[in-house]
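First to last, the sequence lines map onto chains A and B.
Counting the first sequence from 1 gives a position; the numbering used here is that position plus 2.
Counting the second sequence from 1 gives a position; the numbering used here is that position plus 1.
For the record, the hints were derived by calculation from the structure and aren't laboratory data.
Hints should not be assumed to be uniformly reliable.
With a Cα cut of at most 25 Å, we get these calculated SDA-like pairs of lysine to any residue [what the hints assert, rightly or not]: (1) A/K91 <-> B/Y235; (2) A/K75 <-> B/R240; (3) A/K91 <-> B/Q210; (4) A/K134 <-> B/R174; (5) A/K83 <-> B/Y388.
Ranges between beta-carbon positions, derived for each pair [stated by the list, open to error]: (6) A/S125 <-> B/V290: 26 to 34 Å; (7) A/F54 <-> B/N224: 38 to 46 Å; (8) A/D28 <-> B/Y54: 46 to 54 Å.
Cβ atoms here follow ideal geometry from the backbone N, Cα and C, with glycine treated the same way.
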Amino acid sequence: MKSTFFRFFPAVLMALLLSQVAYAVDVVVISNSGTTISAADVKDVFLGEKQFAGGTKLIPVDNAASQANFLSKYMNMAGDKYNSMWTKKSFRDGLTPPAVKSGDAEVVDFVKRTPGAVGYVSSTPGGVNIVK
Amino acid sequence: MVTAEKVNMNHSWQRGLPALLSASIAGILLTLPTLAQAEGDGVPLHGFADVGYTAHSKESTDPKGFNVGSLDFYLTPQFDSNVKGLIEIIFETTKGGEVATDLERMQIGYTFSDNATLWAGRFHTPYGYWNTGFHHGAQIQTAVLRPRFLDFEDKGGILPAHMVGFLGSGKVRAGIGKFTYDVFAGNGPKISMGQDPVNPAAAATPVPQSLGTLNINTAGDNNHQAMAGLNLGYEFSGRADGLRLSIHALRGDVDDDSDGTLFGTTLLNKTEVSMAGGSVVYQGNEWEVLGEYYRFNNKDKSGTSGSHSSWADYLQLGRTFKGRMTPFLRVEKTVLSQLDNYFSMQDNGQSYFRQVLGFKYDVNPKASLKFELMSSKFAAETGRTAYKYRSLLAQYAIRF
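Work out the full structure, taking the sequences as your base and the hints as a guide.
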């Protein structure tokens, strides 16, 4: 009994730790405080197919540190396909791909000071709209 | 596209002009992003480039050996929330080995909403999928070559791949997907006859003409007759994500500038070109299916030969393994009436059948190696000689 407990304990501990890590790198989509979009709009915004919210031009920005999680959760595609899709869209329709910021701090700073900006970060910040 | 006029420039100052223009444009393009970034407002410079190798069986007179394909730059400046531009410059080599420069696209647009953008200028004519989806972007297309009948005007194409005029386009959410539209009108093209390449200097006056190529009339319409068309599609999402179905149509009068030295008639031909068709495109994570069909019912408006039917189509199938290896095959066929002046006066207007078997290997997402075996068979028709040849093509293409 004792040996069974010690055999499974590390595995249980590892699973708990991994679930905490997964929770920690979750993705929160944010927008400028004057810009309101819904969660259903997020995919179209980052595909360049929703360009306006009310009269405001939307400016999506990517976050290099969280991009893989975001693409998996909201876009259902891998990074290569996302980049390839933007190449085709830019070439055909003259759209400019989202700028890529290095991490949460840069994204939050940009979204706070740019009307129409939409981004994503790994934890909930203040001073911006949280897209739900 | 390289027009015949450009290649045939004779004056010395004109001979130096393309090089000067090329250097100037390259300088501006390479400087723009730096200037823009210095002002904190980046204008990204994108582009494509490719090099290759071609071998043909002895029946073909096309160039063989190593070649430089094209170097394509494009910019997508955004001037404010609604006003934007799309500027594309291409450097490419002609069959004669010269480097030609072309203002591929120069369009200025206004986006009214998510559903509508209006463009004016020179744009890629939006029929089917290939012409706007890939165009000069060799790296993003699976095959080395475009289907021949959809190639550029001076490389085998039978349709105007470019147009100067206006273009309205957009998408509207409908049901499980999106309805897409492109509506356009612009200068109708003309057929510019060529010069007899055999020995033009020694030929009698006037120099005999040879078959022509489409000229899209960038500087203005020669017959003041617009060409207009549309492309209506539906993009599926959800379980059918990647599937797009569309129909397209095109109509306009096309004249040629034949002078009677080719077929003995001094009558300039005028043809009312009417094209309609459709396309099926599926681009999933593994499978790629591309198919386009074009039906022509062209009317002779300068003579009494009446209306003539012709058609062209292609189907390409490919499957990607391990995310980077894509074997594919393509068949393409045209049946073009030689009673129709629109086709009989075009150098590219001969009916043909082509089979392509190829392989694309993505070295990384921005660089691809491609290899193709191609078999082409051209039909015996009035004024045309039957011939066939086989080709081996290799291409190394990048995007940036």
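A quick look at each hint next to the structure:
1. A/K91 <-> B/Y235: holds, 16 Å
2. A/K75 <-> B/R240: Roughly 17 Å between the alpha carbons, so the hint for A/K75 and B/R240 holds.
3. A/K91 <-> B/Q210: Violated, because 42 Å separates the two Cα atoms, which is more than 25 Å.
4. A/K134 <-> B/R174: holds, 21 Å
5. A/K83 <-> B/Y388: violated, 41 Å
6. A/S125 <-> B/V290: 26 to 34 Å: Distance hint for A/S125, B/V290 is violated at roughly 43 Å.
7. A/F54 <-> B/N224: 38 to 46 Å: holds, 40 Å
8. A/D28 <-> B/Y54: 46 to 54 Å: Taking Cβ atoms as reference, A/D28 and B/Y54 lie about 50 Å apart, which means the hint holds.
In terms of the numbered hints stated before, the structure departs from hints 3, 5 and 6, listed from lowest to highest.
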